[in-house]
Amino acid sequence: MGIKDKISNETENLKGKTEEAAGKMTDNERLEAEGKMDQASAKAKKAGEKAKDTMSDARDAAKDAIRR
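Residue 37 in the working numbering is what sits at position 26 of the sequence shown, and the numbering runs on without skipping anything.
If you're looking for bench data, these hints aren't it; they were derived computationally from the structure. Just so we're clear, the structure is a prediction, and the values are computed from it rather than from any experiment. One or more of the hints may lead you astray.
Listed next, the in silico DMTMM-like pairs over lysine to aspartate or glutamate satisfying Cα-Cα at most 20 angstroms (straight line) [as the list claims (entries may be wrong)]: (1) Lys35 - Glu23; (2) Lys47 - Glu31; (3) Lys54 - Asp71; (4) Lys54 - Glu21; (5) Lys61 - Asp16; (6) Lys28 - Glu43; (7) Lys17 - Glu60; (8) Lys63 - Asp75.
FRET-style restraints, in silico, Cβ to Cβ [as the list claims (entries may be wrong)]: (9) Ser52 - Ala76: 47 to 55 angstroms; (10) Ala55 - Thr29: 13 to 21 angstroms; (11) Asn39 - Met66: 36 to 44 angstroms; (12) Ile14 - Lys74: 43 to 51 angstroms; (13) Ser67 - Ser19: 15 to 23 angstroms.
Ideal Cβ placement from N, Cα and C applies to all residues, glycine included.
Start from the sequences and build out the full structure, keeping to the hints where you can.
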C-alpha cells in the first residue's frame, strides 16, 4: 500500500470517528451513522490494499523461485 493510500484511508477513518462522536454529542443519528459508514469504508479500503500487497508479495516470491 502506498503512503498516499495509507494517509487517505486514515484521514477518512479519523473523519468518521469525529462525525460519529459529534453525532453522539448532539443526538444527531444521521451524522453518527455517516461517521460509522466512513470508518467502515476506510477499513474496507485498507483491507483491499493489504490484499493487493499480499498478492504482489506472493507474485514476487514466485518469480524469485522460478529464477533460481
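Item to check | Which numbered hints fail | outcome: 3, 9 and 12
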